[in-house]
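Chemist: So the chains spell out like this:
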Amino acid sequence: MTNHPAIELVVNRIHNDQIGGAADTAKEVMTAMAQLASDSKASTLEALYNEIDVAALAILKICPSFAPPINVLHMMMGSIERDIENEASLAEAKEHLAEAQSSFNKFMESAFEKIANIGAELIKEDDTVFMFSMTSSVWSVLRRAKEQGKKFTVLVTEARPANEGLWTADEMYKSGIPVEVSIDACLAELMARSDIGFVGVDAIAADGSVFNKAGTYLSALAAREYNVPFYFVSDTLKFDTATLFGLPFRSEAVQYHEVLENKTYDSGVSVVGSLFDTTPPHLISAIITELGPIPPSACINVMWNMKLSKRISELLPSWAYDKL
Amino acid sequence: MLHKDIIQLSDRFCRLELHASYGGRETLRTLTGVLDDSKQTTIFGLIEELKENIRFLLSSLPPYAPPLSSINRFLLLLEKSLANGGGLEEIKSRMVALNEDTTNPRANHKKIANNLLEILPSDAVVYTHTLSETVLAVLLELHSIGKLNSVIVTESRPNNDGWDTARHLAENGLETHLTIDAAMPAAIENAHLMLSGAEIIHPDGSVVGKIGAYPAALLCEVYSKPLYIIADSSKINYLPWGDFFFNKITQEALGLDFSCPSLQITGAYFDITPSRLIRAYVTEKGVIDAIKIQSFISDKEVSSWLVRLVNDELSNSSLISVKEKEK
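These protein sequence lines map, in sequence, to chains A and B. Numbering-wise (the working numbering), the first sequence opens with residue 45 and increments by one. Numbering-wise (the working numbering), the second sequence opens with residue 44 and increments by one.
Chain B extracted, bound-state conformation (with noise of 0.2 angstroms):
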């Protein structure tokens, strides 16, 4: 059966209210809530419930790599709870501590601000297209250091969500100027570097992000200005689950009436810039370049039922233990 919190959280990401690092704290959030408020009385029963749950937040998952994550680490911990015998009960409770070992984001803010100190230009103007949430805070650290004090921001549309990174960097007293999408090459001409968000970083360097960032990066190769992408390692996508949900642009984001009623409105919210276009990544751990992407997820543990969820396999082979063990 569907948890209404699922179908709220799914909802959301399909309506794109939630960023990549808070969807991924909200997922974690509601699948507790999920099994907080399991009526199962079987083990088998409620990863029945789970999977279904699982199957339905994946079928409208944004390409955001947090709440993958998080989908993962919590099957991880079921998976390792059952297979040393734990009950139902002493699950829950390893849930709660796994919501509250969540990373502190401002923290690692200041690593990845640190970390550019390495390679910012003194006097730089950066570049930067639409509102990423590490980008904006490493922007402001920088500039209370008194490293930094220029951007140009490309007003991102839909949404115009460069508006909102323009606000915030002049509230905080940057010398903030903010264009047109179409304006990016002028943009990109002016400034020193750019620097990028990323919804997913794949294992082959390769980064997912607002729609425009992809152009953004092709200019910087034309104009051989460096593009660094700013981003926390948990961006870093080493899940085989690459079937995201790209949400389209509707005519309502857009805000504009037609007179044509048939006319159709084409686009995704999202694009991907190749790794050959990206000079570095700048993480909390360090910055590195694509190929050292994977030393930083050799580590990783992937939950086998992740595996096979994705694949439609876990419903019969793989839970025949579970059911055996109940008996």
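This is chain A alone, in the form it adopts within the complex (with noise of 0.2 angstroms):
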């Protein structure tokens, strides 16, 4: 079955890395299975869901380490199963599909309000905050600290091998904040001299541990040896279902390209590391979500009031082990 140009569309830019991160990987996900059911010709619901289906397990089998994208996908399965299971007409279903569209553009909008105004209220005058790579959250942590009027000062570091780091520094001059930027080896020297951390998610397991940008779990280590507070800025999107099922973070290896370039060694030097890391829940001291900051241990309460969808829950395993 071809799929819709938009579901096309959204799986080229995920597959070529155009999108800027998980956040908005999950909204264009969301648009196009959205205009694919608005647009869908199909007769019955089950071949409405046999065209959702298509299209979900194309997304999945691109999808990287990052949650939300595949929470959307849970949303729109499981917005169709339960009209199966409910009899509902195709109608309905189609109605709901965009009901599930609309109250997800809700949440977006106003769960990075409710992050933007917990985290900037852990934020005290003078502060110097170590920020570890880039996240919109954090951002808008910042900014809206910034827009209370409080003074303080970000630390950040590059963040190798894409440096996303350096994207953070030009988002703080751009929103006048005063900034200062470092190798990522500076870390330990740099949160010696923190109030607070913050640190962006990609995905949060059961457990309470998170996954995100490698040098994470080592800015962590440096914030228990300072004694710095140090947290995680996320919305629920964030949570890895696939970790409810036992299942491991799916993470990527570093390219030699990304490490050395055009440099060869003909002396046979291999790249080796991973892009991620996972930060353990004991060194986290909250996870900052629309909800109020969640401690570690109580990510697993927040994950079981999570609707999943039957079909996407049987394809994890295979998405974690990259055998789609």
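Be a bit skeptical, because a hint or two may be false.
[Unchecked claim] Derived pair list, reagent style SDA-like, types lysine to any residue, alpha-carbon separation capped at 25 angstroms:
no., chain 1, residue 1, chain 2, residue 2
1, A, 307, B, 293
2, B, 291, A, 207
3, A, 218, B, 298
4, A, 195, B, 309
5, B, 268, A, 314
Keep in mind the hints are simulated off the structure, nothing from the lab.
Could you use the hints to bring the two separately framed chains together as a complex?
Modeler: Rendered as structure tokens:
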């Protein structure tokens, strides 16, 4: 079965790494899935289910390590699964899919606002704030604190190999927030000067551990060493349902060209390591979500309340081990 | 008057072109050159000239033990020669001998490798950060005798000194894996132990190393992997000087262009690893723990002139005796 052009487009954009981050990827996946449902010429509920299933599979196959796009698939597939179970009409199912998109959009807008307010409360006047890599949720916290009239300085490191930390440096500069940048190896030195640390999230596990850009774990260790409170900032879309089934986070290896660029060593140096690492719960002060600051031990409670799609849940083991 | 070679040496230290051991040899050679080229006709004048040059050098000295040790040896010889009534020519000839009396680093590397063998597990995977002349030589020595085959290296920004370590190791047939500094946790988890060089070993056992060595040491503690400092005993600082120039990382060193010109680059090239994170120090004299470091330096002689010079007290009273002798 051929996919809807909107699905083809989002698959290509994810595959070619053309979307900024996890939240934006989730938004584009939701838009494409809703477009598919709206444009569908299916004459039965089962036919619509099949179209959505094919689209979900295509997206899941190329979906990287972050959880939000997968949670969007849970929402859309879950909606039609419930309608089949409740023997709803095709029109009702389409309506429910449109409602899912609408409530998702509302969630995204309000969650960001709530997180910004909660996070900003933690920043005090004249604080030095450590931040690792880049994430729009932490940026929103910092901007909100600035809007509240607080004066503070942000310290950030490059976050090799893609140097996303430099995006943060640029963003802070544009927002009029004093910022200093350094190399990743300096993060312990920077943490020693910091009053509070904020990082983003790629995925949160049922046990409260957090998967994020490599270097986050090292930052958390340095924070513990210097008694600096260390917060992860994320909406609950980042809760990784695959971990409910005991599945591991899906990591990606650092590529040769990302470290050595065009430099070639005939002698056979191999480049190793992961683009992501996992921070264990005991190093996390709290995860700041739209529900409030959540201790890592409470993550499982949040996940138990999430509505999961049976079909996506069945596919997750193959996705987690890259066997789709 | 400042000697041009001292200015040049100071500039090279500021740009971190010299590593610690080589910097030590260059310091001794340059100070001897200052002595040779001096147009001073009196010993008092000569000492004033040397004082100016040494103070200038100290103001730009990175946290390296060997150059400081070289300054101490130089002043000690000068001090003793003058106390024994030696003239300028005699002092100069003794300085030449001092330069020739440098320990062969290769012999020390072999001794360190042999001492490390006592504690190195068979088939060990070694993790190391950045580039250290001593660590690299020891790893190659261990490989050449069939005792080591696999090493993981982190690139060590800025300058990516770890790339050179990886290249040298791979060229010599070691299985070499290179990764980014932020991936240290996985690198250390996959290794059996960490070997780290040292710019300075302080008497309390803390070690100054390339930035990143300290977080790596923290990770060794987390993963229960032993961290051994691999260093010549000349890296132990027995001198009363701690005001080193901790070179700052520059935008140029990062090799990056920013859209925001006022952006500040922060951080230093070096960090300090406390002794509690270090399992042992492997030197040419044996494998020791932090408590025994003092015993290595208890017999070291410190130039009283150096002490006064760093405290800015060498200008008057301490030179009166020299002045009087000249009269």
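Chemist: Now look at each hint and say whether the structure bears it out.
Modeler: Do the hints match the structure? See the list:
Distance restraint check for residue 307 (chain A) and residue 293 (chain B): the Cα-Cα separation of roughly 23 angstroms lies within the 25 angstroms cut-off, and the hinted pair is therefore satisfied. Using a Cα cut-off of 25 angstroms, the hinted pair residue 291 (chain B) and residue 207 (chain A) holds, with the two alpha carbons roughly 20 angstroms apart. For the hint linking residue 218 (chain A) to residue 298 (chain B), the alpha-carbon distance of about 21 angstroms falls within 25 angstroms, and the restraint holds. Straight-line distance between C-alpha atoms of residue 195 (chain A) and residue 309 (chain B) comes to about 19 angstroms, which keeps the hinted pair within the 25 angstroms bound.
Only pairs whose Cα atoms come within 25 angstroms are accepted, and residue 268 (chain B) paired with residue 314 (chain A) is accepted, the gap being roughly 23 angstroms.
Figure legend: structure checked against the earlier numbered hints; every hint is met.
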